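Construct all of the structure, not just a fragment, from the sequences and the given hints.
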Amino acid sequence: SFHDALIESDIALYEATGAGRNRIVLFEDWMRQVMDRRSETEAMIDSALEGQRFEPHFQPQIDMRTGRLIGLEVLARLKTEDDGETLTPDRFISVAERTGQIVPLGKQIIEKALAHAIRWQDADAPLAKLSVNASASQILDEDFLPFLTNLLEATGYPAEKLTIEVLESVMLDGVDTGIVKAVERLRELGITIELDDFGMGHTSIANVTSLGANRIKIDRSFVITAIDDDRTRIVLQAMIAKADDMKIEE
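Residues 33 to 282 (the numbering used here) make up the sequence shown, in order.
Think of the hints as simulated: they come from the structure by calculation, not from any bench. Just so it is clear, the structure is predicted and the values come from calculations on it, not from any experiment. Treat each hint with caution, since some may be false.
Taking lysine to aspartate or glutamate pairs in the EDC-like style, the calculated list, with each CA pair at most 16 Å apart, reads [to be verified]:
id : residue 1 : residue 2
1  : Lys139    : Glu216
2  : Lys213    : Glu174
3  : Lys139    : Asp95
4  : Lys111    : Glu87
In structure tokens, the structure reads:
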């Protein structure tokens with residue numbers, strides 16, 4: 033029917049948009065199943081946002097030279113309403129990014145993470161440095177900077193102890209979309225900016241500071257390859273040495 037054809041064309045359009053610009057996509061049956069699953073996930077995310085069921089989990093960051101704990105990476109988790117199962121980001125992040133739900137989701141995670149850090153401090157634990165991932169849509173959201181400013185002021189959490197992690201690919205793709213300027217405003221607030229998955233794109237160490245980053249997180253696959261590959265190891269060592277010379281943390 034005409035109604036079904038209209039729905040199928042919308043689904044194909046959605047797939048084409050998600051795949052990038054200037055693409056032609058024809059509807060296939062599997063797309064409807066994918067769309068149904070996405071709709072279910074979107075509804076689950078909405079319910080979790082309303083029920084405050086997104087939770088921060090914390091992964092220790094260790095200085096390999098000293099063995100000291102130097103911070104905590106904040107990881108998003110979703111606790112389901114029915115059975116309390118804890119879902120990892122691969123179950124919801126891609127849909128949240130497509131729908132824009134990543135913006136309120138990210139805020140909920142940051143709010144709870146900072147609250148945890150302050151409670152630990154009140155219990156006589158050292159105030160933890162926190163690293164939080166942020167997507168392009170979060171950083172470009174006009175309320176993101178005011179939200180962070182107000183949150184830091186309300187909690188008393190020092191801006192210099194907070195790191196926002198941004199994918200290297202996001203920064204490279206976002207040069208013309210205002211991401212670099214938005215990141216610079218975060219730096220002015222005192223927040224550290226870290227390029228995540230560094231080494232997977234085309235950024236040189238010399239260009240890191242021009243993208244507004246204080247720190248780089250070298251991609252795990254690059255480090256693993258360097259263990260057995262002499263050429264990759266030499267590149268990695270040179271990269272680290274250059275970063276040290278430029279006072280860029282890694």
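Evaluation of the provided hints:
no.: 1; hint: Lys139 to Glu216; verdict: 19 Å, violated
no.: 2; hint: Lys213 to Glu174; verdict: 12 Å, holds
no.: 3; hint: Lys139 to Asp95; verdict: 28 Å, violated
no.: 4; hint: Lys111 to Glu87; verdict: 7 Å, holds
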